[in-house]
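Colleague: Chains as they are written, first to last, in our numbering: chain A, 1 to 779; chain B, 1001 to 1183.
None of these hints come from the bench; they were simulated from the model.
Just so it is clear, the structure is predicted and the values come from calculations on it, not from any experiment.
One or more of the hints may lead you astray.
Straight-line Cα separation of at most 30 Å, DSBU-like style, residue types lysine-lysine; simulated pairs [as the list claims (entries may be wrong)]: (1) K1115/B <-> K190/A; (2) K432/A <-> K1074/B; (3) K1172/B <-> K1115/B; (4) K1097/B <-> K116/A; (5) K734/A <-> K1074/B; (6) K1113/B <-> K82/A; (7) K569/A <-> K552/A; (8) K418/A <-> K432/A; (9) K432/A <-> K378/A; (10) K1172/B <-> K768/A; (11) K759/A <-> K116/A; (12) K1074/B <-> K633/A; (13) K719/A <-> K569/A; (14) K469/A <-> K190/A; (15) K768/A <-> K734/A; (16) K240/A <-> K469/A; (17) K423/A <-> K1172/B; (18) K378/A <-> K1115/B; (19) K569/A <-> K1074/B; (20) K1113/B <-> K204/A.
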Amino acid sequence: MNRIVLRPPITRCPHSCNHRNILRNVVSDGPVKNPSSPVPGSAPEVLIQQIPDALMVTVEQAGLHLADVLFSVPTDVTQDGKPRAGWLIATADSLHIFDEDEAHPAAVFHLQNADKVRLLQTVGSAFVQLRIDGVYVDVVRLSNGLREIYGRAVAQVRRLLAGESFQPDALRSRSETICSDCNLPLPAAKAPCPRCAKKGGIFKRTFLLMRPYWSSILLLLAVMVGGVCLDLVPPLLTRKLVDEVIVPHTNIGWLPWILGGLVVASAGRMLLNVVIGRTSSFVGTRITKELRERVQSKLLGLNVDYYNRHSAGSLMSRVLNDVDYFQGFVSQMAQGFLLNVLLVLGIGTTLFVMNWHLALWVMIPIPFVLIGTAVYWKVIYPRYYRVWDSQSKMAQSLTGLLQGIRLVKAFGQEDREKKRFAKAAGYVQSSKRSLEMSAATFNPIMGFVFGLGGLIVWNAGGRDVLADKISLGTLMAFFGLLGMFYSPVQALSMFSSWLTGFIAAGQRVFEVLDSTSQLDEPTESRRLMSLQGRVELRDVTFGYDPYTPVLKNVSLSIEPGQFVGVVGKSGSGKTTLVNLICRFYDPQEGAVLIDGEDVRELGTDALRENIGLVLQEPFMFRATIAENIAYGKPDADPLAIIQAARAANAHDFIAKKVAGYDTKLGENGAGLSGGEKQRMSIARALLTDPAILIMDEATSAVDTESEQEIQRALAQACKGRTTIAIAHRLSTLKNADVIYVMDEGRVAECGPHDELMAKDGIYARLVKIQTQLTRLEAA
Amino acid sequence: MTQTNIIPLPLPANPTGVRRLVPEGTVLQRGDHDSLRCTIAGDRTYDGVSAVRLFPISYGDQFVSLRYTDEADKEREIGIIERLADFPPQTIEEVHKSLQRHYHEQIIRRIHKIKQRYGQLFFQIETDSGSVEFVMPWRHDRAEEYGTQGRVLLDSLNNRYLIPDLDALTPKEKQLLVSFIYW
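One chain only, chain B, in its complex shape:
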């Protein structure tokens, strides 16, 4: 990025206004202790920056909020990246790394077995990380909708297991799941 391309991105005059971060005024790089550093043209450099998806299901890599913790331990927003794809590959990579740290869900690829006992569901599944067994209380609040077709299952210890699309399961697996997670 050459100096001539830089667009200053001052804080919005209205404190409730949105500061849109554009590639011309935003530099993301690794700082001390491997933390993410964000320099905003016309503003300052922020350390310990993290990225959060504002619409994690419906928009994915759009509307990504960059945040930091201030001196008083309060989380603050630096600004919002409207379209991450508009940024240089290196920045996209850094933001993705940060997002990877913010979200931790195991993707369920196969469902081998579900058994109900003592009001708990015992799952045997296949994830991207291998075979996994977990226990989940058989309650509505432990299986949330994920978009229109997906489900997130929360085990007893609040680990998250994601089924992005119920239709991607085999009919037998779907039947098995729906027979317990019917809501």
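Excised from the complex, chain A in its bound form:
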């Protein structure tokens, strides 16, 4: 018996209907006692060559024999969307649908009547559908939680329809969406389980960051202990001064010595404060710098998909603002937390040694402070997130506005943008107000509580002095120490405010560092020393959402040195094709091969060194023209840069610039025309001498004259290298060796221009439409 657990534990329906409500993704956040073995009867499973126990009788009554069953997959919703447990049972020639509560099969579908199967994604659920008599018929409905196992099941049904053998191992694959150890759904497919990763809390990880600076931190601790000892000196000297000099009018000669002692203690404290401040600053700034670099480095390594899910504003905020909290960590931990803890312990002990009875009175406010701090923590914690969110949204709003300022002005939407920004600014105001008002309420209340503590000591201590139980000097020393005791306690209660901000920022920083939206790199990537430029896509299926394919079973082969055109409507999958060849994403099925090697085996660096990419929107950095052209090859000599520019037909306009190749460009190439920027981006691609040149709508955003210039440049650029050109203007592809026509994620047609025109298919239709449009424009 092969049982595979692919979903989290499921609880029974709370409404006593005693059926498994597998619609629900019930997941305990507590420890899983025996995660490798499922709780009997609680987890839905894919059963290989097996019938679920609950259906044994029903299935047999339906005339289905165990020997015929290939697999059984649980379902969780009825066709009309109501939660109900059921099963899809597959044999070699039929699919049977059973409800667990019904005595008869809900439906039977004979595969001989069907020619296709698909998993149709709808909003929040999906359907397995068979195409019968040319119409897709719903077989079974499932919630999104079951899509992964149904994706595999449908692949098996597809094999059965094609007369191929059943592959039980394909159904046995480990889940990519649920942790196989603890059943927690993963934050993203193939991501490490956040519960099992056991990376430790933010503090542990922050301390680990400080490991290289242990010597400085130890120095810091030693200095702080010394500082606390010094802090105890003044009250003790004050007691001596009052009790043994001032009140009894004796030992007058002690006075300068005691005062001298007070000055020395104060000066010593000052020196130690300097050492503490400088050391914590040294460690803090170093940690911040290293962490900022690590976050930026991580961001550079993350998959393009990660950037689809996170806004630039929020990522900028993490690198620029959140990391700064880590600088505060050292000083806050040293001076804010450790120092105050040491003070509380040191001074508290001294108070009890001096007079334990009076010291007990001093402790009365402490429980109120602790309770108040706990409540405050709970209330304030989410508000920090709200402030961060509001700031990040305001940054996004401003960035969008500044980037699109021409559009705003062109459409006369300044007032609307003012209102939009005012809304974002209002959100920042309200979230900050909410946070600061909490702090503004909490802090005075704490001050009041401590003030009451002082009054209590006045009362108790005053009575003791009047009753001659303690000396006036002791009471004075007590008050001196009282302020020093309550101040760190109060600081510790305030520390919680900083701490909440730090934890919120730390979570966001470590979220980036822990992100796994990265492509798997081979352990030993193969270097392609002399790439020929053969590109092959073999049965590639890919979707940005894995269950909604954009490319469907695409196969194509491009020979070295060929000039290949890719055409098709918007959304037909042209750019996705490029994304896969450049390995910005990996296909869900099939493989992309360069010179016969799977790109996943090459390593992204080795691959991209050999690919030149020219995009529709060329991006220019704020640097010189030469630096922009040499972006992919910073050590290129000036002659090579000039050669690349000449090949890209960019040399002449650069030469006309006052500073020539040393011309410093403005924001995103400000000062250059669209065509000039595009030719520079072609020069940039050519400088690396790539074996494969990819142009994604490289000429679609420029005028006809510029396009001609660019076309001339490309004619040179393509020589001796494999060139893949995506173009809307089909006239630019007339000379292509092969043109692939994409349609709805598939290669619908392929061949040279003349052949495709003769075929009178999609390509011919597109050419005719463009010809008509050109005539209309000319008219």
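Dock chain B against the given chain A, drawing on the hints supplied.
Modeller: For chain B alone, coordinates are given in the frame of chain A:
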């Protein structure tokens, strides 16, 4: 519907034009294998038809697109029902059945508990289908706006949980939700 009432609804001459489906020219009924069949006067009969709301939040039962999959596996639009309420009850029922198949969201009625651990939010809620617990990554893209007052929460497995109106929650529930889903 009598024969005299039928209005032919040919395909628009302009391929990008909108074909508005009106009751007089549109017949919806159950076809083979329980699939939806749509007959358009002056055009033809389509099988395996599905309905999709074009403005699911702002217009609900208005602007409903009827679609089918053609022989080449491409999804095509038959036309658009501008106001479903104008159609006979039987047609409305069929379209609603089809819409029910297209959308699957659990409506959150109560929020019992939300806990944050490992960057995940653990929800205990009450839906129309009973008590439900689910896990959702604590990320902006997992809680989307639904109109001006609602939110759709996407759990780790992309199941959808809808709060149609935040103000319909109790103040305590709303406070709890907003403390985590603050955006």
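Colleague: Look at each hint and say if it fits the structure.
Modeller: The hints, checked one at a time:
Distance check on the hinted pair: K1115/B and K190/A sit about 24 Å apart at the alpha-carbon level, within 30 Å; holds. Proximity of K432/A to K1074/B is assessed by CA-CA distance (about 51 Å); at most 30 Å being required, the pair is judged violated. This hinted pair checks out: K1172/B and K1115/B have alpha carbons roughly 15 Å apart, not beyond 30 Å. The hinted pair formed by K1097/B and K116/A meets the criterion: a straight-line CA distance of about 24 Å does not exceed 30 Å.
Under the criterion of a C-alpha separation no larger than 30 Å, the hint pairing K734/A with K1074/B is consistent with the structure, at around 28 Å. Of the supplied pair hints, the one linking K1113/B and K82/A holds, its CA atoms being roughly 24 Å apart against a limit of 30 Å. Between K569/A and K552/A the alpha-carbon distance is near 16 Å, which keeps this suggested pair within the 30 Å criterion. Taken as a hint, the K418/A and K432/A pair is honoured in the structure, with Cα atoms around 21 Å apart against an allowance of 30 Å.
At roughly 17 Å between alpha-carbon atoms, K432/A and K378/A fall within 30 Å of each other, so this suggested pair holds. Distance restraint check for K1172/B and K768/A: the Cα-Cα separation of roughly 64 Å exceeds the 30 Å cut-off, and the hinted pair is therefore not satisfied. The hinted pair formed by K759/A and K116/A meets the criterion: a straight-line CA distance of about 27 Å does not exceed 30 Å. For the given pair, K1074/B sits about 45 Å from K633/A by alpha-carbon distance, which is inconsistent with the 30 Å threshold.
Annotation: proposed proximity of K719/A to K569/A holds, straight-line Cα distance about 28 Å (limit 30 Å). For the hint pairing K469/A with K190/A, the CA-to-CA distance comes to about 72 Å; that exceeds 30 Å, so the pair is violated. With a C-alpha separation of about 14 Å, the suggested pairing of K768/A with K734/A holds against the 30 Å cut-off. Proximity of K240/A to K469/A is assessed by CA-CA distance (about 17 Å); at most 30 Å being required, the pair is judged to hold.
Pair hint K423/A plus K1172/B holds up; C-alpha atoms about 26 Å apart against a cutoff of 30 Å. Of the pairs offered as hints, the one joining K378/A and K1115/B holds, with about 12 Å between alpha carbons and a cut-off of 30 Å not exceeded. Proposed proximity of K569/A and K1074/B is supported: the alpha carbons are some 14 Å apart, at most 30 Å. Restraint check for K1113/B and K204/A: the C-alpha separation of about 28 Å stays at or below 30 Å, so the hint holds.
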